Each structure stands twice: as structure tokens, then as C-alpha cells.
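The hints should help you fit chain B onto chain A, whose structure is shown.
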Amino acid sequence: MWRDALLVAGKDLRIELRSRVVLNQVAPFALVVLALFAFALGPNRAPMVQAAAGLFWVAVLFACVLAVQRSFALEAVDGTRDGLRLSGLDPAGIFLGKAAAIAVQLTVLEVLLALGVVLFYGAHVHSYVAVLVACAAGTAGLAAVGTLYGALAAGVRVRETLLPFLLLPVVAPVLLAGTRAWQVALGTGPGGDAADPWLRLMLVFAAVYLAVGVMIFGPLQEAA
Amino acid sequence: MGEPMASAVSLRAAVALTGRFPVLAGIDLAVAPGEILVLEGPNGAGKTSVLRACAGLLPITSGEAVVLGHDLRRRPSAARRHVGMLGHAAALYDELNVLENLRFAVRAAGAGVEGIDGALERLGLVGRLRRTSVGRLSAGQRRRVALAVLLARRPALWLLDEPHAALDAAARSLLGEIILEAVAGGATVLLASHEPEAALPLAHRAVTLAGGRVVDERSLGRLVTGPRPVGPSAAAAAAAAPLAVAGDVHVAGDVHVAGDVAVAGDVHVTGDVHVA
Chain A
1069 MWRDALLVAG
1079 KDLRIELRSR
1089 VVLNQVAPFA
1099 LVVLALFAFA
1109 LGPNRAPMVQ
1119 AAAGLFWVAV
1129 LFACVLAVQR
1139 SFALEAVDGT
1149 RDGLRLSGLD
1159 PAGIFLGKAA
1169 AIAVQLTVLE
1179 VLLALGVVLF
1189 YGAHVHSYVA
1199 VLVACAAGTA
1209 GLAAVGTLYG
1219 ALAAGVRVRE
1229 TLLPFLLLPV
1239 VAPVLLAGTR
1249 AWQVALGTGP
1259 GGDAADPWLR
1269 LMLVFAAVYL
1279 AVGVMIFGPL
1289 QEAA
Chain B
13 MGEPMASAVS
23 LRAAVALTGR
33 FPVLAGIDLA
43 VAPGEILVLE
53 GPNGAGKTSV
63 LRACAGLLPI
73 TSGEAVVLGH
83 DLRRRPSAAR
93 RHVGMLGHAA
103 ALYDELNVLE
113 NLRFAVRAAG
123 AGVEGIDGAL
133 ERLGLVGRLR
143 RTSVGRLSAG
153 QRRRVALAVL
163 LARRPALWLL
173 DEPHAALDAA
183 ARSLLGEIIL
193 EAVAGGATVL
203 LASHEPEAAL
213 PLAHRAVTLA
223 GGRVVDERSL
233 GRLVTGPRPV
243 GPSAAAAAAA
253 APLAVAGDVH
263 VAGDVHVAGD
273 VAVAGDVHVT
283 GDVHVA
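Protein chains in written order, with the numbering used here: chain A, 1069 to 1292; chain B, 13 to 288.
Just chain A, with the same shape it has in the complex (with noise of 0.2 Å):
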């Protein structure tokens, strides 16, 4: 399962350096996602860092969107996907595989977006555990949830508007406690560690999505 994971992800990575379609298109999408929120709430900045750690979330959650659509965009030319499946790979390698390879990608647009809050919004790091605990967590949930719902969408010929549909209203845990947790490592919510409940169900979002995908991803392939 590990070896096929490795093949996968490395395919996949090896595919994004090649064509740069999330360095090229899809970082730039969400930072302009970024902009456009700084430029509707206005000059003043104090909204802008009160809203901060939610409109980065909902820029990762879009970046995800997007990065799992081309994911599987992948395997849906010229028989990649029948050739994914008949070349003997374990499912769950390949689940394991394509996630790993989504949440890498996720990784670097977190990067660019992080610095684009701090340099759209004006926004201060007081807690930078909380930071990386929170975008650690939050990555592979929606990483694994990601390639779940991607590789159910795979099989429909409206998959480009589904996705979104399907996907979205799922991460909303996510969203709400990546949120959560960045207010309080930007200075923006309580403080202590109020942080915690919420990156702890962040870790079990990732560990529940993780484990169930390794046992139905095979199912679902078939099925899609």
C-alpha cells in the first residue's frame, strides 16, 4: 500500500511540475480570492484582521476545490482512469497516493496564502503552533475528504460543477474550526488555549476521512 502510495503521489507531483497548473492558475486564483474579500471590506484595516483567518480558510477551501478537480482531471483523459485501475495498484495506495499529492500541493498554496494575509489584511501571528497544527490538520482532512468525493464525482460527465456541490457542504467542519483556531493564533479570538478543542477535532476530521477512504476508496472506484 506504501510503495503504491509513493508511485501515485510522485506521478502526480511529477504531472504538477510538469504542467504548473496549480502554481500557475490555481495560487494566483486564490490570491486574488484574498484581494477581492480586502478590497470589499473596505480601506480600514481592523475588519480585515477580525475576518482574516476565516477568508483564509475559505480561500484554501476554493484552492481545494480546484486542486482536486485537477487531480482527477487526470485520470479522465484518454483511458487513464481504466489504466489506473487495471494497473494493479492497491485502492488504497491509490487514495493515499493521490491525497498525499493534493495535500503537498495545498501546503504551498497555504504558504502564498498565509503571506497574503499578513500582507493583505495587515494580519500578526501570536501563535504559530496553532498555526501549523491548524493547516497540518486541515490539510490532510481536506485532502483525504477531497479525493473521496473526487473519486466519486469521477465518473459523471457534470463532475466540474458536482465536485464543489458535494464537496463544500462536507469541509464545513473544517472551515469552521480552522477558523476557530486561527482567531486565536492571530489575536483575533479568546486566548489561551481555546485553540485546542478546535484543532483536536480538525485531527479527527483527518483521521476519520483518512481511515475511511483507505477502506472504500476501492469500492468507490469501481462504482464511480
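Mixed in with the good hints there might be a few duds.
The following label-pair restraints were derived from C-beta to C-beta distances [said to hold, decoys possible]: (1) B/Ala178 <-> A/Ala1144: 39 to 47 Å; (2) B/Val227 <-> A/Val1272: 55 to 63 Å; (3) B/Gly122 <-> A/Pro1265: 58 to 66 Å; (4) A/Gly1223 <-> B/Ala42: 26 to 34 Å; (5) A/Val1280 <-> B/Ala178: 39 to 47 Å.
Source of the hints: derived by calculation from the structure; they are not laboratory data. Bear in mind that the values here come from a model prediction, so they are computed numbers and not experimental data. We put the beta carbon where it would ideally sit given N, CA and C, even for glycine.
Below, chain B without anything else, positioned relative to chain A:
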């Protein structure tokens, strides 16, 4: 070692649906290990569906389907690692180069990468072509890469859907050699084709499909001998087997025969005939 399989592929009253439409409507088909079987029939007859069902890509909803000893009704994916399919699509990643595509496919199948260089060389994918993105290749070159994947993987069951499409004359001849070598190495080949002049000379048997069933079956005279050495070319290999043809023969080029040929119908040859 277990007992040798009676059939590499055994379909009995197998039914497969696409939506609610039966693309396989109770088909019975048995393919012996080491056999080359050509599937013929008009568009929509079920040729591709048979290949996809044997690959475990098309679920069998009733009847029996056993491929390489694996019951596909219980586990459709069981035989996949031992099955290679060349379909209408090449199943290659445009952004990866030829070598990277081969490495991924071969490693995914759990095969050794030592056969990759030989496969690429055999298919003429050498020099700069090895490092060229597949997206920049012509249709024929993509077909060659897909064939190189099969050659490097060395599956036990080859499922070839219109394998001659997009190939030039040299590549078609090479394809024939590769198929005969694969069978000599113990593989079984199912070949769906609309080009009998290219496919039938390779085959032991041909079946005609219509409406998702076998409606006609004929032996092409060559004996299924299992693994055996083949000569340096497809022509030599084909000539090494006894040839008996029940119908007419139409040949567009020269004919070189080292043994006997028995033909029950007419023979039309536009080139020379050399009989040793």
C-alpha cells in the same frame, strides 16, 4: 505449482450491462492458454465489452466469468495485475515523457523495470523520443508507447482492441511479431479487430459476435501449441505452423511458403508466390 488452467478465459452465459442495455447477452466463450483468438463482428457487437469484461472493467451481472483462474464475479479486480489491455485510448499521461509513463505503468504492475529499455528499443522509441512528453507524440507513436508498456509488463493475458489502428506498415508487422512472441512466452491473446487481413494470419481461432453473443466460430488451422520458440519475424513464425484455410485467401503482397498450404476456396495474390 498448481495444475495448468483448462482455460485462460472462460465466460459462460455471461451477461454485462451498460445502464440497462445488455452489451453481453449470455455469451459463452472459452480461450485456451497460449491461444490467439480474434473477435470479429460489426460495431456494437460486443467485442470491446468482452475485452473490458475480461479485464474486470465491466461487471458481469449474471453467468460465470473466470479469467486466469480468478472468478471475476467475486472479485472483478483479481486478475488485473496479470492482464494488459491496449484499448482505443492509450492510457498514457500527456505531461509525462515516454520513459516516465513506462516506468509508472511497469512499477504499478509490480513488474521489474529491467525490461523497459528493451521494450522501448523494440518499438523504435529511442533517442530523444524517450524523453519526449507523450502529449507531443503522434497517434501512431502513442500507440507504440502503449504497446511498449504491454511488452515491458509481460502480462499473462493480452487484450487488444483494434491494435493495428494508427500503426504504419512496419509497426503492424512488429505488432504481429510481438504478439507471436508473447504467446510463445506463455501468454494468451484476445484481439478485437475490424481488419481481418491483419489479425487473422496471427490467430488460432476467430469468433464472430453479434448482439453480445458468439454467433460463429471457426478454427484458422494453426494449432495452439503453447509456449514454443518463434523465428526472427512474424512471417517466419506464422509459416512454421501448419496452415489450412477454409475460405478464400486474398493477399496484397508476395507470399513465401516454407511448408504446405491447403485452401478450400480461391486464392487471389497480387504479388509473387514462392513455394519451397
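* **Structure versus earlier hints - violations, ascending order** => Violated: hints 1 and 3.
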